[in-house]
Each structure stands twice: as structure tokens, then as C-alpha cells.
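Enquirer: The listed protein sequences derive, respectively, from chains Y, X, S and U. Take the working numbering: the final residue in the first sequence is number 426, and no numbers are missing along the way. Take the working numbering: the final residue in the second sequence is number 426, and no numbers are missing along the way. Take the working numbering: the final residue in the third sequence is number 426, and no numbers are missing along the way. Take the working numbering: the final residue in the fourth sequence is number 426, and no numbers are missing along the way.
I should point out that these hints are in silico values taken from the structure, not numbers from a laboratory. Virtual Cβ for every residue (Gly too), placed ideally from N, Cα, C.
Examples of chain S residues toward chain Y, derived with CB under 7 Å:
| # | residue |
| --- | --- |
| 1 | 61 |
| 2 | 63 |
| 3 | 64 |
| 4 | 66 |
| 5 | 130 |
| 6 | 183 |
| 7 | 184 |
| 8 | 221 |
| 9 | 223 |
| 10 | 225 |
| 11 | 285 |
| 12 | 288 |
| 13 | 290 |
| 14 | 294 |
| 15 | 329 |
| 16 | 330 |
Not close to chain U: a few residues of chain Y, all C-beta gaps over 10 Å, as computed:
| # | residue |
| --- | --- |
| 17 | 116 |
| 18 | 172 |
| 19 | 283 |
Protein chains: 4
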Amino acid sequence: MQLNKDHILTENKKVEQHHTDQFNFLSGQLDKQDKDVHTILRKLANFQVAIPSWALGAGGTRFGRFGFFGEPASLEQKIEDVGVLHALTKTAGAISLHIPWDIPQDYNAIKELASANDLVFDAVNSNTFQDQKNAKESYRFGSLSNLNASVREQAVQHNIDVIKIGEKLGSKSLTVWLADGANFAGQRNFQSALTHTENSLKSIYSALPEDWKMFIEYKPYEPNFYSTVIQDWGTSFMLANACGEKAYTLVDLGHHLPNTNIEQIVSTLMLKGKLGGFHFNDSKYGDDDSTVGSVKPYALFLIFNELVYGMENNPQNPDLAWMIDASHNIKDPLEDLLQSLEAIQEAYAKALLVDQEELQAAQSRNDVTLCQEILQNAYRTDVRPLLAQARALSGGAIDPLKSYRSLRIREGLIKERGMNSVATGL
Amino acid sequence: MQLNKDHILTENKKVEQHHTDQFNFLSGQLDKQDKDVHTILRKLANFQVAIPSWALGAGGTRFGRFGFFGEPASLEQKIEDVGVLHALTKTAGAISLHIPWDIPQDYNAIKELASANDLVFDAVNSNTFQDQKNAKESYRFGSLSNLNASVREQAVQHNIDVIKIGEKLGSKSLTVWLADGANFAGQRNFQSALTHTENSLKSIYSALPEDWKMFIEYKPYEPNFYSTVIQDWGTSFMLANACGEKAYTLVDLGHHLPNTNIEQIVSTLMLKGKLGGFHFNDSKYGDDDSTVGSVKPYALFLIFNELVYGMENNPQNPDLAWMIDASHNIKDPLEDLLQSLEAIQEAYAKALLVDQEELQAAQSRNDVTLCQEILQNAYRTDVRPLLAQARALSGGAIDPLKSYRSLRIREGLIKERGMNSVATGL
Amino acid sequence: MQLNKDHILTENKKVEQHHTDQFNFLSGQLDKQDKDVHTILRKLANFQVAIPSWALGAGGTRFGRFGFFGEPASLEQKIEDVGVLHALTKTAGAISLHIPWDIPQDYNAIKELASANDLVFDAVNSNTFQDQKNAKESYRFGSLSNLNASVREQAVQHNIDVIKIGEKLGSKSLTVWLADGANFAGQRNFQSALTHTENSLKSIYSALPEDWKMFIEYKPYEPNFYSTVIQDWGTSFMLANACGEKAYTLVDLGHHLPNTNIEQIVSTLMLKGKLGGFHFNDSKYGDDDSTVGSVKPYALFLIFNELVYGMENNPQNPDLAWMIDASHNIKDPLEDLLQSLEAIQEAYAKALLVDQEELQAAQSRNDVTLCQEILQNAYRTDVRPLLAQARALSGGAIDPLKSYRSLRIREGLIKERGMNSVATGL
Amino acid sequence: MQLNKDHILTENKKVEQHHTDQFNFLSGQLDKQDKDVHTILRKLANFQVAIPSWALGAGGTRFGRFGFFGEPASLEQKIEDVGVLHALTKTAGAISLHIPWDIPQDYNAIKELASANDLVFDAVNSNTFQDQKNAKESYRFGSLSNLNASVREQAVQHNIDVIKIGEKLGSKSLTVWLADGANFAGQRNFQSALTHTENSLKSIYSALPEDWKMFIEYKPYEPNFYSTVIQDWGTSFMLANACGEKAYTLVDLGHHLPNTNIEQIVSTLMLKGKLGGFHFNDSKYGDDDSTVGSVKPYALFLIFNELVYGMENNPQNPDLAWMIDASHNIKDPLEDLLQSLEAIQEAYAKALLVDQEELQAAQSRNDVTLCQEILQNAYRTDVRPLLAQARALSGGAIDPLKSYRSLRIREGLIKERGMNSVATGL
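Looking at chain Y on its own, in the form it has when it is part of the complex (with noise of 0.2 Å):
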């Protein structure tokens, strides 16, 4: 199922004058501020989210999984449904693939349905957190950290394989999540664990091609309960270092402890020029993968304003990778990806719209309650006509879930794969 770009512009149609009143009223609005909107709406169009070839199906928890309707059963159905999104948003140009689920048959064909779908492949991820069907070793005690050697072994070789695909589709990097852990006290030895995880690395670092990022999770829990090797920023950080000028730390949103500010994280990863990538979700309890900004959208503001600021003023770090992480337990997953593309979308704007230099004068001043309203007024200015301007000037929906629902594209998926195909993957 391919969308039609007729059936987008008559979706379009229907709204846009609304649309034009709204964006003309703020355009004049943000010209009085003196604030570029030209240039805002050029980053919100280059502004392109990964969409993981995990997320088109219905996630769930350890207590079970409720299915949804029209899943993709198959790497072509997980690109077509990024295709929507990306038809739809013009903002989610880009497939992250989870090796082994997502190991295509045929590489050209997959390539060339990318490229008609205006996708690239972003950030290939490799998976030993699961023991797979026939794999020799077992990784229920480790696989990077394994005190068994030939584990670390099989490990390695499985990220060496999963670069290799990557190559074959264009793909630059490499993201490794490591689950490795010790679900209770005692049960590893941390200074062994982190040597072997180190050295693990360090053999991944030395196949990745010339050009390519090697991405460094980290998560303080889950699905290990007692401790997790890379457990925070500071180990990948160290790792990252060990491993070279290619290996960078990748920041989830929902690997965190209570209350951490991730802000100051990414701002002190941008000026080591460490930081590779991003991962978003939105979280109340633990690594819930919620939809993007449905929990605390300021956060993810703040984070975006250092995000801004740091691609401003850090040359010394490189583009970052942007992908979405999320688990959509119970709603239909193009419409739950359509509303974090546009939480995004909104946090990103609206950190653009911060005057850095009044800010940076305010902060010199001490004047601590005009830096509040500083970030205060770019936050409360409601920037959905900017999102809905860049998406129409790029071919995109103005409004993506009104028209995902006008047009009944998941009708339409249910009809081509059945109610009850399942996603691959978790």
C-alpha cells in the first residue's frame, strides 16, 4: 500500500485555508519577535526521525501483548507503513533495522522499495539480548560480557554480521544495546564484566568501516534487576573513549533513574563532541516506550533546547542519528508513530524559537526569572502551524492523523495482510 500524493493534496485542500489563517497569524506574530521563519521551517523540513522496524507492530509487556490489526509480517510491509509515515509527515525518511528479525532476502529489492518509498536505511541494530533458533551459544548469562569466550565470540561475530548487512543497504552505523546485567548480587564480577565489554567493543570497533558510528547505549535496568554492565552515561562514555574517535554514546530517553536530567547529559556529551544519537520515547515509571511528549513534553523541550543549542556551538560533535523507541501496546502504531513524529516536530520548533543571545544575556545578568520566561515563551507559543507549513511546502499532510483516518490506510492494510498478521520482532 503506497500513498498516492493526489490523495494527500485533497486531503490537504480541505483544510487548508484554516491552515493559512493560522500559520499567516504566527508568521506575522514570530516576524515581530524578529524570529526567522524561513529558516525555521527549512530545519523543520531537514528535520528527518528513523522509524525501527519494531515498532509497526503491537508491543507488550511480561504479563502479554494484546495484537493489532493489518500488522507487517514482513521487512517489504515494514517499509511500506514508514512509507505512510513518511508520505504523510515528510519527516520520517529513514528505517532502522533490527538484525536478526528484520535480515532482508533480497538486498536490491529492498533497497529499490526503500528508495520508492524516499527512505534511507539509519542506524543498523543488533540483538543479543535473545538466544535466536540454532545459535550455538546461549546468551542467558551475557553475551558482551560473558565470562565464556566463545560467547563473546559469537556476540562480536553477530555485530560484525549485522555491520555487514548494514553496508549492503547504505546503512552508517551501527547503535549496540546491550542488555547484559546480573539479576542478582554476586552473580558477576563488574570489574570482569566491563573489561570483557570493553574488549567485546573494541573487536566491533575494529570491523566497522571507515565511514561508518559505532552507538553506545546505556540503561540503568530491565531486563536485568540487580545491575546492567553499561549502566549509565558514564560507562558509555569511558567505553566510547576506549573504543576510539567512531564510538559515540546514544541517549534513550527512557534509560534513566528517577528524575536524572537528561538535559544536562546531552549538553555535556555535545561538548565532548561524544554524542551520536537519540532514541525517543516518553516514560512516567520506568522504560515504558510511551508515545513521544505524552508524559512530560517540557522535558523533552529542554532536552531539544540544549539539542539546538549544541548543534549551533559543538562543531566538534558530529549529526546526530534520530530515531524513535517506542512500544504500542494498545493503540494502532502508525497512528501512535504519527503523534511522536509531531511531538518531535513541536519540541524542535519550539527550541528554535529560543532566543539564544537574549537568553545568554539574561544568564550573564543572573536574571533568573527572565531566563524562565525566556524559555517559558518559546515553549507556551503553539508552533502547530510551523509543523503543518514545513510538512505542506514538502508535499506532506497538513494535518498526518486526520488524514491517516480520511483516507483509512489501516482499513486498507487490513485488507492486504489480514486482521491478524504478526509483526516480527518482540
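Here the structure of chain Y is known, so what remains is to put chains X, S and U in place on it, guided by the hints.
Expert: Only chains X, S and U this time, still in chain Y's reference frame:
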């Protein structure tokens, strides 16, 4: 120092055109969504938040306090400060006194001063968490829960004295924040502490005038670090039920364990007709008492969404007492309070924009995506023109903070009071 | 596989002398402190903890599950496993069934098997958090709280069916863990969800046999990540009161927000006569369901201190239902349960050592230092000889875990059941 | 007030027989487990913990402070208090001064007094979180991180002054706890704050004598409630690396977000040779500064398990500076410190009982059950007779707390100092 109305009008003139443009545009947009702007403006104008007398000077932490300039050194000056806030915002029409920090010398003079500032006296607050000079008994080991009957009697009597002071001023409610608890496991018998507390509260309750209410706060920790007698809403609710129908639970936003779903507590209490009052502040870590809306504005909106729902649908619950309870450690306290008042009104206005019928319809279809859209549509709306309009119509400032600075109010206060005046209280 | 008593005796012989030395020394020491060792031994022997039928196979997380070998594949095999635990420890004399995972085919045969293993049937557990094959209605959007009356009726009827199954087996209580809630703000109306839940629980309650109890669990989050209908003890307590005197709150140690003072909740509920049961486990982050006592053994002791106090002083509270509710992700489930049983008995024994009179006297003098000393003196005592003695006197193993390994029980189970048998359940 | 050795001997006589019985039995048991009791006793005797000068008076919270009786009002009296602790326990042989609260008038006299009490001067602590009378610049908006160069210079100079004072006393290390941060989002630019901090620390470092170390503390929040410049071990570690080889990270147990795995941090830092010191306390909610071991004694044991491992296996890490950093809000500070010292020695002794070889063997077989058994076997052992024996052999009290009371030391101090003396400091 009293604010002259002409000053405010002069200030408003400067921004009138800009405001009118914005209000008219927003108003037009809301009309199209069938929102009754007039009603919303009326509700905003009627919404009055009490200012606690202890919030007008600089706060601090256990590590010290950095004083602010021109702090109010007497009850009269505190009333003047609240008068300034109310003149600017028309939403701070009440003051909440803390006894023994604010015992009036001349009740008539105090009442006249309040009246001249268009202020009423909201809930009176007792203090049994500190020892007062020359007090017979110490609260080191608790007050209403103390094992020693003589201490309990002193604490009960203090609360009754507070009621009497409140009566003379026209207050209609007593707020009991009980810091009692234990710093160490084993220090107190939980059941004895709870039973003594219940009996002490009943004694206070029995001295409550017919048309008064008693508010029982809860808090999980601080200043006690092992247990607090009234540790959560469940305990407060149980005690309020034990006392009688004039006893209610009071919710302070900062008095919860990490990640608590506060809006659900609010909703439950209103369903049961037992929510009495609300203390506004914000926090990232503990009971930080930060500026309202400065950390989690979306959470505040969700809470207001339940409050608005309850005010419409729960006649069993009485009108609520609203108060700010924040600490101003580094900002000008009056500026900080202006920001808090704005954030409260903003959350209220956004909650008023939620289309409750549409929401209920979406809920009835389990259309989770749409439910979220409805809330976020209201939340994303920039309601500042509504707040400004409501204020302007009531004779307040279109932009209170700018006017406060433009009118050089703090400078005036410093001239009157001197640089180093110190507010009574913490 | 049934454990032969002679085997245990033979095992005990190996360590008898060592044990006797230790027990005699400890016993002598306790005598000097005026502790009644005989009574303590009797209480330990009488303390029986139910094993849930779902805890006998490997658990997992949303990221997958690593199976264990020789898992029980039928209700009969689950009973045999609990039989092994009870034979070794003499403290696991009950099994708690989960319906529909454990519906007996032949009730008489099952009862005879249980009886042969010296086991009774503890609380039966309903499941309305997963959809069962061929179920008419789905619980995707809730069960007892569902907006749809037909779903609620199905869920109520399921609970009634569970009661009927329990009656045939001799159970005397029903545990309701309600996962209902919302993943997103706005998804459900809190008041409607709570009211429906109350009414559904009342319907179930009305089907409760005269001599039964109903236990209502609470939990702040998971599997729902925004709100849970019965989020805390206050809500459970309110619902239990609404249902009637046979309804009680059940405390699961893992079902609390970070830093909750659980022992205070226990104490309050016993004071009010509303604590019905207890689910043991341990956790560091969320509802980790780790081995009892493996993370915070002192917290467990403090809880037992309140339980012991309540059992002595609160005749208004009924006898409690004790159960382990842990998940065994990487250990042999039976070994893990042996460790949990030991930790429970240890905490209980230490709590029995607390000199309640001395403690009360110290509390009455506010001698905080001494209060802490009294608790820590009990806690620091190595009570393992007491547990071993209580077991030995009842015919159990002096060292259950060593005997389990020495007798090669897991190997026997694998031989019987095959390597890859899979337990029914999660 | 100096404790006479004869007094302690007399006290010991009262409990000698009881102690000897217990020690002999335990010693025999440990012999059978091949534990080298003699070595353990020697290590316990050598383990010395510094007492901070500010912990000898009552602490408080932002809500107030309840003073204690007979507090030390001068540096001399503080040294006497630590002398009492050391005489009783023989494990508190150092005092850690806080400047400017403890600036000596007469260095020789102070050193002689310390020497007479068998005390050395441990790390000196600077204070740039409070304004001192007549200070030129204010730390309201930060010290080492301040935007204003003049403030930074003052703060750097203060640290250098502290070093100089320390040199005169024989200290060999400086502890920098930097409270700098922000109360509100936007208040400070993170990168500027971090860069200024790094440069300020380097300036201090360059003034460090050759044989000194600099310890850099971290803390996530309080007294700042939005961000703290050195928020976690990763930031401290990065700064220590930037400063040089004499700079180390210092871990304070209370300075972590909820649920942090502290032992893993300890282990990582020792592996990297960068753990410099340790501040002991305990906490349930935030930085509660409760008595060591009064909340989570098992967590303390797990931390000591890593410390013991590191001290044996990480020659790259220097000897550690040990200090108690607790606040005594309602207990007699000296009693509280005696309880803390006991808890520290207990955790250390238990960690020394862990059979590291056996543990490593179990880990190498992934025998998770056994790993847990090994730790718990050590933890469950009642090691109090070992502590008492180590003290007795060194001339200390078998039961320090009982002796403290029996000798009526507090009464003596009150007689000397008066009831209402107030300790300098917080």
C-alpha cells in the same frame, strides 16, 4: 507601597494593540471550535489563589539561605506585597496566614488594610513542627501524635488558638500540616502515633466553627526521614472520614513519592467529596517548592483537567481552597509568584478548553489516539491572550511581570523597607 | 518425583553435629536474653507460605525468556514441585492456583495428590489481564473497570468461576489482582473506572461463600504505564470497605512507588483490621519479582516486625494469607524458592526476637538510639540455627538447598519430564 | 573531657566473660570455614574512619533544628568529642575539618590536642556554598562555576587557603563538594558552567602539594533543585581525569538518584584507579544523612564487598579516605556516631568473610544461586564478637555505646559546656 490603578492602565496602553490582535485571533479560532470564550474569561477572572504569608521572603535549604532585598518585615508589609500581586494579576485576592509568624496586633487595622488591598483571609495555618520561644513543651518528638499527653494538648490548643485568630479575620478554614513522624525505624509505634493523631485531630475538629472546614495535609517524608504519620492521601482520607464532614484532604503537589499519579488522587477525592484544598508548586526531585509550572507543566494541566471535571460533575465536593506553596530561593519572591500565578491560570485555561463531551465520546469508543489528541489540542493552544484579557477586564495588567519591572516595584520596596529587611518565618 | 523422608534424614545426618553445636550455643545465648526459644521454634514451624503455581517455571521479561530445564508441564507436576519444597522446608505447605492456567481435570485426584504431598490449597487467583482463547470479550481496555458492561460481566463471571473451582479444592479465599488502568492520559475517566470497579468487585463479593475472604491487590503501574485503577493501598482499602467485612487489602512487596514505607502501610491496615494477605518478593527498581530478601532484607525485617506486632496486638485483623510471588528468570525456580523461603523465615525469626516490651519502654522515653539498638540487636542475630532446628523437628532438612542439590532433584525432574518441558502460565 | 583508659577497662570487665564466650564460639566456627580470624581482626583494627567536625552538633532541616545539649562550641571541644569516640571504638582516629567553621587559632596547640587524643587530621573541606560575613563576592549564583571571574577567583582562593590550613595540620587531601548548579531550567548554560568548573578545579589542583590528593564529590540535587554541575560520578570522573593523577572521585552514599547501583560505581572507579574517598551515611528518600546502616545495611555490605575486592585486587587505586557524613537531628550526636561506626565495621567485617575464591568459582560456572548463598552466608553471620574483640585488643570498649552511657559522658559534657552550647557550622 500600593499600586495605583492608573499606573497599570498606563502600562497596559503600551501593549494594548498587540494584545488585542492576539486575543481577537485566538478568540476567533476558539469560536470556530465552539468554545464559549466569554464563559472561559469569566471563570478565569473568578479563579482566586491565596498567597501564603511565608512566601514573600526568600526561602532556603538546610545548607543556608541567600536573603533577598526589601523583604516584608511585618504582617502589614506582607499584606501590601500580596496587594501588589493582586493589583497586577487580579487573581491573588487572598492571603493565608501562618501562626505564630503572623499574629496580628490590631485586628481591625489588619482587616482594613486587607480590604483596602481587595484581599480576604484564606485558610489559617498552624505550626507544630518548630518549638516556639518559651513554649512549655517541645515538638522534637512530635506534636499531635506525641506519646506525651501534655505535648498533644499544647499542640491541640495551638490549633484552636489559630482557629480563633482566623475567626477574627474572616477565615473559614484551618490547614493542618503535621510534620510528625520518625527519623529511625523503631522510634515510634505506628499504631500509637496514628491513634493519637486521630484523637488530636478530632479534638481540634470539635472546636471548629460550624461554617469552617479543616484541611489535613499529607506528605511522605521531610522533615522526618523514616516515616511520617500522615504519609499519603489514603491516611489523610481515613482521618478526614474519622473526623467528620467538615474535614477534608489537602493536596500539595510536592508531597508525593516519585512518579505518583496525582491527578488520579484528585479525581478519587472529588468523587468521594473529600478534596478540600490544593497547594501549588512544582518539583523535580522531592518537595522542592519550585515555581508552579516550571518543571512539569503538562502534569499540572492533567491535574487541572481533573479539577475542572470535578467542579462540573461532583457537586458532592465543596469549593476548593487554592494556594501557592512555593519557596523562592534565588528569585525575587514577587516575580516568582507572578510566574506561578501565570502558570496556574494557564493550566486552568487549557483545561477549560478540553471538550469534555468529545473526550467522553472518544473514551467510550476506546479511541485512545483521539483521547490523547483532545487533551493535547487543548494543551498546545497558546492561551496567554485569554489570561491577559481576563486580567485586563478586571483592571489588572496585561503583562504583570513586565509591568512589575517597568514600575520598579522592588526598587520602591527596598527604598521603603531597606535592603536587608528579613521576612518572619522560615 | 516424591521426596523420601529417609533421604532427608540421611542428608541431615551429615550436618547434624555442626547444626546441634550452633543451635545449642545460640539457644543458650537467647536464654540469657530471656527469649523463649521453644515458642519461637513453634511459631516458625507453624508459619506456612503458599507457593503460586506459576512460579515453578522460568519467568521472563518483555525482552524474552530463557527457559529452564524440567519445568512442570501440568498441574500435577506443579503440585509435585511444591511437594518437594515442603518436604525439604516444612514451611511451604500450600499451593495457590492461577485460573485458567491450572484448572484441574479430576478434582478428587488433584486433592489426593495435594494431600499426599501434605499440601492445602491457598487463595485462588483470577486472571483478567490476558485474553483467553475463544473468549467472547477482550480485556485490552480493562476488565472489571471496562466501560462495556458485557466485558465487565465476563470478568465478574470469571472470578465467580474461579471461586467455584476453589471451593471444590478447599480454598478459602480469592485474590483479585486487577491490571486495569490506562496507558495514556485521557484514555479513561478515572471516576468511571473506579465506580465500575467498585460495582464489579461487589458483584464478585456477593458470590463469595460465607467462610471465604476476598483479597484486593494494588499496584501503581505495569502493565499499564499511565494509571492503574487500584493504584495504592488507599484505593484498595476504600474498595474493601465498600465491599464488606470479608474483603481485605493484599500487600505485594513489589507493588509500590520508590521509597514507600511499606511497614507503615502494613501497620495501618492491621490496626483497621483490613490486611488480608501478603505477597513476598524483593526488588531494586520496579516490580522486579526478585528472590525474597535478596535486595533489602532489613526492610523485610521491619515489615515482619510490624506483622509480628499486629499478630500479637490486633485481634481485629484475621489470620494472614502468605504467599511468595517472585519470578525466576535465571535461577532454578526451586532453588530460588528455597532461598525465598529461607529469607522469609529468617525475617520472621528475627522479628520474633525483638523485645516488644523493652522497645515500648524505649519509645516511651523517646530513647531513639536505644530503639534502634533493640531492632538491630534482633536483626544482627544469626538466626539460621533456629530455622534449621524448626525444620529438623518437623522432619524437614537442616540445610534444604544443600540437600536439594545433594539429592540431585532437578536432575530427577529432567529425567522424568525431559529437558524442554514448559510450565503453563506467563 | 578525656576518657580515662581505666574507665574503659572497668567497663569491659563487666561484659568480658560474655564477650569471650561469643568470640570463642564464632572464632571456632570461622576456623572451620578456613577463615583467618587473626587477619580479619587486624584489618578491622587498622580501619580508621574520620569524623567530620560538623557532625558533632545537632543537624536540622530547612524546617528548623532541635538543638542538643552539651554541643562542642569550639574546635578544641570538637576534637575532644572525636577523642571520646576514638577512645571507645579505636576506629575513629581522624578528624576532618570544615573551613571556615574550624580555623585553628593556635596550630601547635590544636595539633597537640589532636595528638593527645590519638587523632590525625584527615581531608580538609572547603565551603563555597554559603556566603561568609564580609566576603567580597556572593555564591548565590555559584562559586567555581560562576560566570563572574571575580567570584570564581574568590572560590579558588578559598580552596587554596583551605589547603594551606590543612598543610599546617598534617592533612594530605582536600575534599571539594561543589553545590553549584541551577534552580531553574535556563538559569545557566550547562557547558559554560562545566567549563568554568573544570578550569577552577585545575587552578586549585595546581596549588596542591605534591603528596596531596584532591577529592571531587558529586551529587544530583540539593541545594539546587534543577541541576547540579557535578551531578554524577561520570562528571566527577571526567573532571578528575582532566585535573590529573592526584585528583579522584569521592563517593557519598546519599548523593545518588533513587535505586542507583552504587557498588557498581565503586567497582568501576577502583578499576580505573580513581576512587579517592568515601562518605558514609544512609538514606531512604534523598540525601537524608541518616545513621550509617540504619536503612539499607545489605546495600552497605555489597558496597564493602566491592571495596574489599578492590583493596585486594586494584593496586592502581590508592588507599581510600573514609569519613562519616551524617546529620544527627534527634539523637545524641556521639551516640549516633557510635552506631555509625559499628555499622561500618560490621559491613567491613562481613565483606571480609566473603570467600572470594569460592565466589569467583561460582561465578565462573554461572551458579547464580550459589553466588547469592556465598554473599548471604557472610552477611548473615553475626560478626559483632569480631568487632568487639578488635576493639578490646586495641584498648577500646567491648560495647562502646553501653560504656558511653554507663560512664555518663554526655552528662559530663553538659556539665563542662552548659546545656545550650551550640556547635559551629550548619
